[in-house]
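> Chains Z and V are the protein sequences, given in the same order. Converting from the first sequence to my numbering requires adding 61 to each position, the first position being numbered 1. Converting from the second sequence to my numbering requires adding 225 to each position, the first position being numbered 1.
I should point out that these hints are in silico values taken from the structure, not numbers from a laboratory. Treat the hints with caution; some may be incorrect.
[To be verified] Subject to a maximum C-alpha distance of 27 Å in a straight line, what follows is the list of computed BS3-like cross-link-like pairs (lysine-lysine):
| no. | chain 1 | residue 1 | chain 2 | residue 2 |
| --- | --- | --- | --- | --- |
| 1 | V | 479 | V | 448 |
| 2 | Z | 217 | Z | 190 |
| 3 | V | 239 | Z | 145 |
| 4 | V | 479 | Z | 217 |
| 5 | V | 252 | Z | 145 |
| 6 | Z | 339 | Z | 327 |
| 7 | Z | 309 | Z | 537 |
| 8 | Z | 190 | Z | 339 |
| 9 | Z | 327 | V | 238 |
| 10 | Z | 309 | Z | 510 |
| 11 | V | 252 | V | 278 |
| 12 | Z | 452 | Z | 339 |
| 13 | V | 433 | Z | 145 |
| 14 | V | 475 | V | 492 |
| 15 | V | 492 | V | 448 |
| 16 | V | 278 | V | 239 |
| 17 | V | 278 | V | 238 |
| 18 | V | 252 | Z | 217 |
| 19 | Z | 190 | Z | 430 |
| 20 | Z | 217 | Z | 309 |
| 21 | V | 433 | V | 475 |
| 22 | V | 305 | Z | 452 |
| 23 | V | 253 | V | 492 |
| 24 | V | 531 | V | 252 |
| 25 | V | 305 | Z | 537 |
| 26 | V | 434 | Z | 217 |
| 27 | Z | 327 | V | 239 |
| 28 | V | 278 | V | 253 |
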Amino acid sequence: MSEGAPRDYLSTGAEWSFELIQDYDLAIAEIAHDEYGLDTYPNQIEVIASEQMLDAYASLGLPIGYPHWSHGKEFIRNEQRYRKGAQGLAYEIVINANPCISYLMEENTMPMQALVIAHACYGHNSFFKGNYLFRQWTNADAIIDYMVFARSYVLKCEERYGVDRVEDVLDSAHALMQHGVDRYHHPTPLSAQEEEERQRERAEHDWKQFDDIWRTLPTVKHARNRRERDGQRFPPEPQENVLYFIEKHSPSLEPWQREIVRIVRKMAQYFYPQGMTKVMNEGWACFWHYRLLHDLYDRGRVNDAFMMEVLASHTNVIFQPGFDDPRYSGINPYALGFAMFQDIRRICEEPDDEDRAWFPDIAGGDWRKVLDFAMRNFKDESFIGQYLSPKLMRQFRLFEIADREDNEHLVVDAIHNEQGYQQLRRDLARQYNRAYLIPDIQVWDFDIKGDRALTLRHFRLNNRPLEDEDAGEVMKHLARLWGYRVVLETVDEDGTVVDQREQGGN
Amino acid sequence: MSIIIDRRLNDRKKSAVNRQRFLRRYKKQIRRSLGDVVSERSITDMDHGGEVKIPVRDISEPTFRHGQGGDRNIIHPGNKEFAPGDRIRRPSGGGGGGSGDGEPSESGEGEDEFMFSLSREEFMNLFFDDLELPRLARNALGDIREPKWERAGHTPSGTPMNLEITRSLRNAMARRIALGAPLRRELEALEKSGGSQQEIEALRERLKKIPYLDEFDLRFRNKTQVMKPVSRAAMFCLMDVSASMDEAKKDLAKRFFTLLYLFLSRKYEHVEVVFIRHTSDAEEVDEQTFFYDRKTGGTIVYSALKLMHEIILDRFPTDSWNLYGAQVSDGDAFGADTEKSRAMLQNKLLPLLRYFAYVEVPDSGERATPLSAVYRQIVDPRFAMRCVSSRRDVYPVLRELFAREAA
Numbered sequence: 062m063s064e065g066a067p068r069d070y071l072s073t074g075a076e077w078s079f080e081l082i083q084d085y086d087l088a089i090a091e092i093a094h095d096e097y098g099l100d101t102y103p104n105q106i107e108v109i110a111s112e113q114m115l116d117a118y119a120s121l122g123l124p125i126g127y128p129h130w131s132h133g134k135e136f137i138r139n140e141q142r143y144r145k146g147a148q149g150l151a152y153e154i155v156i157n158a159n160p161c162i163s164y165l166m167e168e169n170t171m172p173m174q175a176l177v178i179a180h181a182c183y184g185h186n187s188f189f190k191g192n193y194l195f196r197q198w199t200n201a202d203a204i205i206d207y208m209v210f211a212r213s214y215v216l217k218c219e220e221r222y223g224v225d226r227v228e229d230v231l232d233s234a235h236a237l238m239q240h241g242v243d244r245y246h247h248p249t250p251l252s253a254q255e256e257e258e259r260q261r262e263r264a265e266h267d268w269k270q271f272d273d274i275w276r277t278l279p280t281v282k283h284a285r286n287r288r289e290r291d292g293q294r295f296p297p298e299p300q301e302n303v304l305y306f307i308e309k310h311s312p313s314l315e316p317w318q319r320e321i322v323r324i325v326r327k328m329a330q331y332f333y334p335q336g337m338t339k340v341m342n343e344g345w346a347c348f349w350h351y352r353l354l355h356d357l358y359d360r361g362r363v364n365d366a367f368m369m370e371v372l373a374s375h376t377n378v379i380f381q382p383g384f385d386d387p388r389y390s391g392i393n394p395y396a397l398g399f400a401m402f403q404d405i406r407r408i409c410e411e412p413d414d415e416d417r418a419w420f421p422d423i424a425g426g427d428w429r430k431v432l433d434f435a436m437r438n439f440k441d442e443s444f445i446g447q448y449l450s451p452k453l454m455r456q457f458r459l460f461e462i463a464d465r466e467d468n469e470h471l472v473v474d475a476i477h478n479e480q481g482y483q484q485l486r487r488d489l490a491r492q493y494n495r496a497y498l499i500p501d502i503q504v505w506d507f508d509i510k511g512d513r514a515l516t517l518r519h520f521r522l523n524n525r526p527l528e529d530e531d532a533g534e535v536m537k538h539l540a541r542l543w544g545y546r547v548v549l550e551t552v553d554e555d556g557t558v559v560d561q562r563e564q565g566g567n
Numbered sequence: 226m227s228i229i230i231d232r233r234l235n236d237r238k239k240s241a242v243n244r245q246r247f248l249r250r251y252k253k254q255i256r257r258s259l260g261d262v263v264s265e266r267s268i269t270d271m272d273h274g275g276e277v278k279i280p281v282r283d284i285s286e287p288t289f290r291h292g293q294g295g296d297r298n299i300i301h302p303g304n305k306e307f308a309p310g311d312r313i314r315r316p317s318g319g320g321g322g323g324s325g326d327g328e329p330s331e332s333g334e335g336e337d338e339f340m341f342s343l344s345r346e347e348f349m350n351l352f353f354d355d356l357e358l359p360r361l362a363r364n365a366l367g368d369i370r371e372p373k374w375e376r377a378g379h380t381p382s383g384t385p386m387n388l389e390i391t392r393s394l395r396n397a398m399a400r401r402i403a404l405g406a407p408l409r410r411e412l413e414a415l416e417k418s419g420g421s422q423q424e425i426e427a428l429r430e431r432l433k434k435i436p437y438l439d440e441f442d443l444r445f446r447n448k449t450q451v452m453k454p455v456s457r458a459a460m461f462c463l464m465d466v467s468a469s470m471d472e473a474k475k476d477l478a479k480r481f482f483t484l485l486y487l488f489l490s491r492k493y494e495h496v497e498v499v500f501i502r503h504t505s506d507a508e509e510v511d512e513q514t515f516f517y518d519r520k521t522g523g524t525i526v527y528s529a530l531k532l533m534h535e536i537i538l539d540r541f542p543t544d545s546w547n548l549y550g551a552q553v554s555d556g557d558a559f560g561a562d563t564e565k566s567r568a569m570l571q572n573k574l575l576p577l578l579r580y581f582a583y584v585e586v587p588d589s590g591e592r593a594t595p596l597s598a599v600y601r602q603i604v605d606p607r608f609a610m611r612c613v614s615s616r617r618d619v620y621p622v623l624r625e626l627f628a629r630e631a632a
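So that you can see chain V by itself, here it is in the shape it has in the complex (with noise of 0.2 Å):
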């Protein structure tokens, strides 16, 4: 008589473990290829999940076994015309005998690339692994706190939710032993000397009263708000939206910002985002403006700096504020601009700020901009530039600029 079991019902993600695994041995593999998916995605659809794909190669188990060359004999069914002594000419690709020779060949489908999709979770984790605000520092410390849930022991009483099962079960038994041990010690005694059966079976019944768990036994996790200082950090996105960034330098600039602030809202709970556009003036927009609005114009790049200088001085003062500042240009500037925005940058921003990083969107071929040129003169470890001519350039890049630094 066999046994018929339904485990339909039992954990269907046992092989989750597995699924991560193996994600964590490929993340170089995987993160390159995240580059290219994203390049070919709009810039709404930036953080979802998605298919990738590593090569086959990268992800193959070695074993000992045989390669070509050699002597071997080989069977195969469905003979037809082929009598003993016919000589037939080798098929070229290297096949030998076909795969009728028995060799493992798991991956026989000839698929040189392992595709997979990843969920949105996976995705964005492995996207922005290894990410950081460099020199982000606990500033003002004990001047800025913030509540946090802490554990803090067990009470009895609480939610369901909270219940400590383990806990519970172990006061309950103590409970019953202790409750129960004079009974029993009684019962032994009668049971020995021969009290009347009355008098026993009223014991026992009394020893069944006892409850198995009482709601006196039940304990609860407990947990207290305590306020812990916190740092606080503001990222200024400025973005040049003048009439010589066109639609394919804008999408460049926005794919850069658009990973940015994803980046910063999933990495870090308090990241204030300023945006900052500007053409020939500049003005704080809101997100939703920022990214969609199709404002143009001519360029002053200071008008930004000077606006971003503005509002540092207004509202996010240095001693309490992380501040981090990240510029798309297309590096055309003119005239007395340009070497006014390097001296508003290097003498009055940098001092205030941990990392400025300037991106550069150059019409393709040219290499010295009028911004990159005098920004380039700038020597200091908080300012990074770098240059994205392609979409495939802008991962890699956010990636560069903001590496975990080597502990």
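Same shape as in the complex, but just chain Z (with noise of 0.2 Å):
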């Protein structure tokens, strides 16, 4: 902070030890909780070897999960890929849990340790502890514990039916993960234990109601022609919770089967927030270990080499390619994220009237408290609706690409002058809206009363059609959970069926 500040270097080498590890994290603890005000969960520091970096990898983050290939898959081609040295591993991976575990690899340097701390254990750390999306639909206290029932439940099932056939439904209730969200109830929060008093009872319920009587009366001839409508629908909304619906409705899964369809689901919904809040989430770490390492130099805990190794990663991590280059594969969620804090800092405290013009509510505000409810109320598309400023779209030199079907030419539609700001911004926001990334699809009907048939719809958005092969693919894996006839209509946004897909059951 103050010029010529006494020199008390923290360390100067590259090796780490835990004695250092807690020594930087007391100091930066010191400043983001003392100076800035964040609001952590407890840390849990964990140091791992790069092969267990592998592990977690595969487990989706988690320190645990259930067995499955595409874990294995997804092992085996992160570590062919490391080996080969295409790529490198993440410097850390987070934990929301409570407390907050972090991955410290222990090839890194000391420099690049205090970075992951200061961006994992402070910067992730408090957004999951502020976010709205993450305190509706996490919890954190749960989430390890959950883990580990499911873990269990599911090596139970493969002891009892099977790999093969708990194989088979986790491979199909994986097919629609994306569909078992719901974006507007509130889930329960997560507690392992009463997950299991539940799953006993369900399956207590299922066994009381079994009745062998039934199956001695006569089976009606012809479902089909008995289906005699009042009309109603059934759900008589449409809900987009679709693995939830099969969850609960599904004619032909047994309980153990409902069960692990409704782990998939809970996973989901745990990963849910961290997909809607990606340029948020990663932006705000990258600020706060940003300022606050450049804090520990200002105070003279760090010297101009550590600084050095710090800036090098950190520039590597925001760095956004333009469309033409090589490297480019969209827009960096580091890049904008991190780009977009800062300058919402820079709006509070130094605006221009152009800044006055289009934030009038924060300019010249105290930008911790902006910065605060920003991180707290937003996620992806509303923050970047609310925040992205005309100097940004400069900065990045942002331009919008109209694809039409009935056009042989890409046409631009908007770049970054004062004609285009509001439409870019607008829709640069709806690119982070889940209905533009996921198709939307939601189940319409259920014919209990017929063939027992369940009909999907899809809304197709700006007439963009499903990918087909993989469409096909996914009606088997919905055809094999829901036991008889699927359908999957896709309408128009007038409403009319304009395309249909159908998978019988078994």
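If you follow the hints, you should be able to join the two separate chains into one complex; please do so.
Written out as structure tokens, the structure is:
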């Protein structure tokens, strides 16, 4: 902070030790908590080897998971690329749990460890604790317990029903994992113990309901003809949580299979906020590691060499190649998020006329309060819609391409100029809307009285079709879980059915 | 204050089970790749681990996602010269608007083959999985016995390796409760009646002195040897090394036998392998000579079959042995040799055998060789013939010949 602060380096070399990690953590915590008032879960920092990092990758970053071949594939893929040198390992994995678990790799140098501590243990950690999506959707206290429960449940099922049958259910449920989330209903908090209890009750209930006399009744032929509908669909309103509907209403799943579908659904729910806040979460963490480590430097606790290494790594992380760069693969969430938080601070501290016109509420405000408010109450879509400034659009040199089916050319629709700002901001925000990323597919009808067919509806957005081959495969998985005929109707924005695919039950 | 934990000493193979699941699920695809791997290997490297490839398509996980087409607006960074209204030719190759539309494309690296390495153990397991010696039977039951280790309860003494921890601790707990019960009862009585402090202390002292774990508590897993009847099998490997078998053909023959040998030695504890090579006369040789010696000469197939017959009569009584034969030749035989060989095989050998496989390595394009022409007349479930014309065929043919019969 002050010029010519006394030089009191925490360490000077690349070597790290447990004492040093502790020293750095204390120094960073002091600034984060006392100076900036970041509210965090307690931290649990775990030092691991690279193989263990690969293990953690394979189980979606969680310390424990149920066995599945797709995790093995992920492990092999990462290991292979890591060995080939095509991909470095992430410097860090951080788990949204209480206490917040962060992994440090033993190969890292001391400056890198400090960077990870600032980034994960204080950046991500405070985001997990503060952001509304995480608060509503995940229960940091229970996730590890729940995963222990899920794993042992899956293992028990494998023992009882065979690996193949369990794998079938998991495969099918995974295919629909993205459609296992309610955006508008808040889920009940997780609790491993309650889960076990509920699961046992369900099994018992099914057992009591089993009545062999039904088997002796003559079956009704041509059930389909009986389909005397009273004009009512079931469910009366379309439901977007397909996995939930399957878990509750599938006519063919056994209790343990429903339970596995539920486990996959709970996982989807746990990861949902992370997908919705990628830009914000990473931007927030980058903002804070940048801030916190600079403060360490200003206080004379770290030397130039330390800062050079940190900045080299920081620059790599927030690098945004242009659209025509061979390295380009979309907008880098780290780059955009970091730039936006930095920019919000700038707008608070040094607003110009443009900023005052665009952001009258925050221009000249207290940047800590404004940043905290933004972190708590937004997700990527609304965050960009609210805070992306014309200055940043110019800095990123953003432009918009309109890709129309009936036009053989792509058209530049808007660029970073006065006429384009509003449109760019609106459309970039929309790009982070879930419906824009994942096709909007909902449960439309379950023909309970007829042939038990399940109809899903794909609400098509801007005429964008489903990827045909994959959709066919997913329909097979859906039919496997449902057990009867399944139908997927694609409807236009005006409600007319334009496409239909069907998959018979088994 | 953060907690810092060193986890480096924890299990590093947490994902091993996932890897096994992956291998298990894609057995078929991996095996297809194994054939190619083996065909490119030298014979001495046959039993190593290796890199295998499977098409990425096969292992992709489907989801509902947007395909090509429709209308969309995409925002990119890095504008240099574009102004609103500019028209750009659609990039060819179906990339649409590049990958900037935020669609999840995990395998965006554009590799269409998923490549990874297998350890030697995994390699061999996958390689010989589902293969077996056909019609193996337990003959002469009760006659041939071999000692086998079997579990036989627990004993109070043994090596630390066999310590049964749960049981030992259970014993210790029982002993502690039993030894302590009278003392505790006494203690309780004293405390109620207000006995002297000294006595109470003394009792407490005695309670404390009951050892937590006594040698007496230890239990060890016990094992005893039990004689078990075993099934024995012998495989005869017959190779033609005559002059017409050029290097390429010999290579194929050796590859076949190497794989067969690996399969047998891996899969069965007790398989004797007899190596017979023949030119114009046959001789029994050891493994080393069989695979690496460079002897050559004329061709008399009959000699090998005759030698095999003699060895069987001499050393392998059929009532206690399962006998198998595999013959590799280019099928080049002359005059009466072919007919004599067929008669020998069909009338004398096959009745003694469980299975006989003939593998031909013909000159390319040549279909009916003299030997295969006569062998073709043999109709017997115990006889099979196949043709191998390139390295690629060796492994599939072996699999066909020794596929496990459906139960």
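> Hint by hint, say whether it matches the structure.
Structure-based check of each hint:
1. 479/V <-> 448/V: Between residue 479/V and residue 448/V the Cα gap is close to 42 Å, so the pair fails against 27 Å, i.e. violated.
2. 217/Z <-> 190/Z: With a Cα-Cα distance of about 34 Å, the restraint between residue 217/Z and residue 190/Z is violated, given a limit of 27 Å.
3. 239/V <-> 145/Z: With Cα atoms ~22 Å apart, residue 239/V and residue 145/Z stay inside 27 Å; holds.
4. 479/V <-> 217/Z: violated (47 Å)
5. 252/V <-> 145/Z: holds (24 Å)
6. 339/Z <-> 327/Z: holds (20 Å)
7. 309/Z <-> 537/Z: holds (19 Å)
8. 190/Z <-> 339/Z: holds (15 Å)
9. 327/Z <-> 238/V: Holds: residue 327/Z and residue 238/V sit about 26 Å apart, inside 27 Å.
10. 309/Z <-> 510/Z: Holds, at about 17 Å.
11. 252/V <-> 278/V: holds (12 Å)
12. 452/Z <-> 339/Z: Answer holds: residue 452/Z to residue 339/Z is near 22 Å, not above 27 Å.
13. 433/V <-> 145/Z: violated (61 Å)
14. 475/V <-> 492/V: holds (25 Å)
15. 492/V <-> 448/V: Measuring from Cα to Cα gives roughly 25 Å; hence the hint holds.
16. 278/V <-> 239/V: holds (24 Å)
17. 278/V <-> 238/V: holds (23 Å)
18. 252/V <-> 217/Z: holds (24 Å)
19. 190/Z <-> 430/Z: This hinted pair holds, its Cα atoms lying about 16 Å apart.
20. 217/Z <-> 309/Z: holds (22 Å)
21. 433/V <-> 475/V: violated (79 Å)
22. 305/V <-> 452/Z: Answer holds: residue 305/V to residue 452/Z is near 16 Å, not above 27 Å.
23. 253/V <-> 492/V: holds (20 Å)
24. 531/V <-> 252/V: With Cα atoms ~41 Å apart, residue 531/V and residue 252/V exceed 27 Å; violated.
25. 305/V <-> 537/Z: violated (46 Å)
26. 434/V <-> 217/Z: violated (43 Å)
27. 327/Z <-> 239/V: OK: residue 327/Z and residue 239/V at ~22 Å, within 27 Å.
28. 278/V <-> 253/V: holds (12 Å)
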